[in-house]
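Participant: As they're listed, the protein sequences go chains A and B. Under this note's numbering, think of the first position of the first sequence as 1, with each following residue one higher. Under this note's numbering, think of the first position of the second sequence as 1, with each following residue one higher.
Calculated from the structure, these hints are not laboratory results. It is possible that part of the hints are untrue.
Mimicking DSS-like on lysine-lysine, the simulated pairs with C-alpha atoms at most 30 angstroms apart in a straight line are [as the list claims (entries may be wrong)]:
1) A/LYS35 x B/LYS257
2) B/LYS257 x A/LYS24
3) A/LYS107 x B/LYS34
4) A/LYS35 x A/LYS155
5) A/LYS81 x B/LYS259
6) A/LYS34 x B/LYS34
7) B/LYS145 x A/LYS12
8) A/LYS73 x B/LYS98
9) B/LYS145 x A/LYS24
10) B/LYS214 x B/LYS34
11) B/LYS257 x A/LYS140
12) A/LYS81 x B/LYS98
13) A/LYS74 x B/LYS227
14) B/LYS98 x A/LYS107
15) A/LYS12 x B/LYS257
16) B/LYS98 x A/LYS155
17) A/LYS155 x B/LYS259
18) B/LYS259 x A/LYS34
19) B/LYS98 x A/LYS140
20) B/LYS257 x A/LYS74
21) B/LYS259 x A/LYS12
22) A/LYS155 x A/LYS238
23) A/LYS73 x B/LYS259
24) A/LYS74 x B/LYS259
25) A/LYS140 x B/LYS259
26) A/LYS73 x B/LYS257
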Amino acid sequence: MNSPLNYESVFKLNNVSVSYGTAKAIQGVSFELKKGQAIGLIGANGAGKTSSIRALLGMVPIREGEVQLLGQKKCTPQTLKRLGFAPEEASPPEYLTAVEYLQFLGKFKVSDSNRTKQEIDELLSWFELMPDKRVSQYSKGMRRRLILAQAFLGKPELLILDEPLNGLDPLMIQKLRDKLRDYRAKGVSILYSSHILSELENCCTDVVMMDHGSVIMQESVTNLVQQFGSIEKAFTAKMGAQTS
Amino acid sequence: MTALFLENCRYVLRSRMVLFVLVFSSIIHYSGMKFLNHVTLSIQGAVSILGPKEAVYTALIFQIFTSLCIAAVYGIWMAPYAHRGERGVLTHVLPISKINFPICYLLCCGLLLLINQLVMIGSYTGVFGFAAVLKPEFPWWLLGKTFLFQLLCLEVVMSGLAVSSLFFGQVATFFIGGTFIFVLQILGAIASVFSGKPGQEVYSSTGILFLIYKNLPPVGEFLMDIKKLITGETVGVAHWLLWFVWLLIFNGLFFMKTKYPTQERSTEA
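Same shape as in the complex, but just chain A:
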C-alpha cells in the first residue's frame, strides 16, 4: 500500500484511523483520488465521511496510517492554497461583508490582485450573493452559498465539498451541478460528500461507500449504475447486506 505518489494522484488516504477520545471515528480507511477524478463519498450518518475529510485536511490527529495530499505527506499552508474546501457546518466571520471575506481569502489564495478582483466579482455574481451585506445579516442559505463561493476562489486543483447542497434552493443545486461538471472537465479533482445520491450520479466518476468508520465499497459510477440501476439502489443493497 505504500506505493510512491505518482503525478496523477491528488490525495491518498492509506489505512487511516482517527479517534475522538475513546470513540473510533474511522478505522483503516484507504482510498485515492486521481487527477480529474470526482469521488462521491457516501454513507449513513456517522459513517465517517466528515472524519475522513478532517483527517485528509489535518484537522484531527491521525492515530494510524498516512495521508498524502497534493504531493505532500501532510496538509501544509502550500497545499491548502491549492485546494478549495466547503465544510458542512461553518460560518465566515459575522462582522465581514461577503466581498470583504473573499478579498481577505484572496490575499492568501490568489497572487495577482487584479485577478482576485475579477474572480471575486464572478463568484459573487455566480452565487447571487449581496457583496456589501454583512455575514451577520445573511440567511442560512446565503451563508451556505458564501461558503461554497470561497471554496472556488483561487482556481483550486482539488475541491472538497462536504454536504454542499444543504440549504441550497433547487435552482442553485442545478447551477452547482453544472459548475462541478465544468470544473471536472477542466481537470479539477473533486471529493464530494453527500446524502443526495442522485446528485453524485451527475457529478462523480467514482463512489466510495463508508459504514461504521470503514470503506465498504469503492466503485466507478458507471459500473454501479450498470449493476444496480442507480447509486441509491446500490447503497440500499450494500447497506442492507451489511445490516443483515
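Knowing the structure of chain A, use the given hints to seat chain B on it.
Facilitator: Positioned in the frame of chain A, the structure of chain B alone reads:
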C-alpha cells in the same frame, strides 16, 4: 501576516473595541486626573496640593486598571473568536502557518494598549494643558519604561486568558482568570509580609507553595514592580525573564491548540 493583522484590526474596529477603549479609558483617566487636580492634602497640619507631577503617577495606576480590562477582554473574547465554533474550521484551512495567529493577536493587543497609553497622555493634557506635557521635567522616560513593562505583563495575561478560553470556554475563563489573578495577588502580598520588604524575593525558602508561586507569572508582584519603576528602582531580571518565559509558554500552547480546530460549538453571546 500583514493581511491577517489588518483583518484583526478590522475586527477590533467593527466590534467597537477601539471605541470602548477610547470612551472607557478617557472617562477613567480624565475624571480621575480632574479629581486629583482639585485635591488638597492636609497631613499633620502640612497642607499640600496634588499637582501635575503626582497626577502622572496616579494616572499610571488608572492605566494599569484600564489596560488589564483591555487585555482581559481581548484575551477571553477577541483572540479566540476565529478559532471557536463554526468559524474554527474555516480559520484552520487558511493557507497560512498557525504561528501567525498568536503573533498577530500579540500585535493587536499591543496596539490597543498603546491606544490606552495615548488616551492617558491625552487626558493628562486635557486636564493640565499642553504646557505641563511640554515641560522638560515631564517624565516621558518613566512612561515609556512602565509602558514596556506593562506591555510584556499584560500580553502574558492576554495570552494566558486566550489559551484558557480555547480550552475551557469563555465564561469559565472569566472566573478562572479572575480567581488566578486574585490568588496570585494574595500570595504576592503574603510573600511581601514574610520578607518584611515589599516586593523582595524571599519566598523560595518558605516551602513548596512559594516554590510553585516563584515560577508562576509574577502577577502578585506586578503592582510592586510598577511602583519600583515609578520610584526609579529597577525590576529584577528574574521577573522580566519569568514574564518572557510565560509569554513563550502561553503562545506555544495557543499555537498547539490551534493546530486542530476546536470541535465544540461557539458559546459566546
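Participant: Hints the structure violates: just list their numbers, smallest first.
Facilitator: 1, 3, 6, 7, 9, 10, 13 and 22
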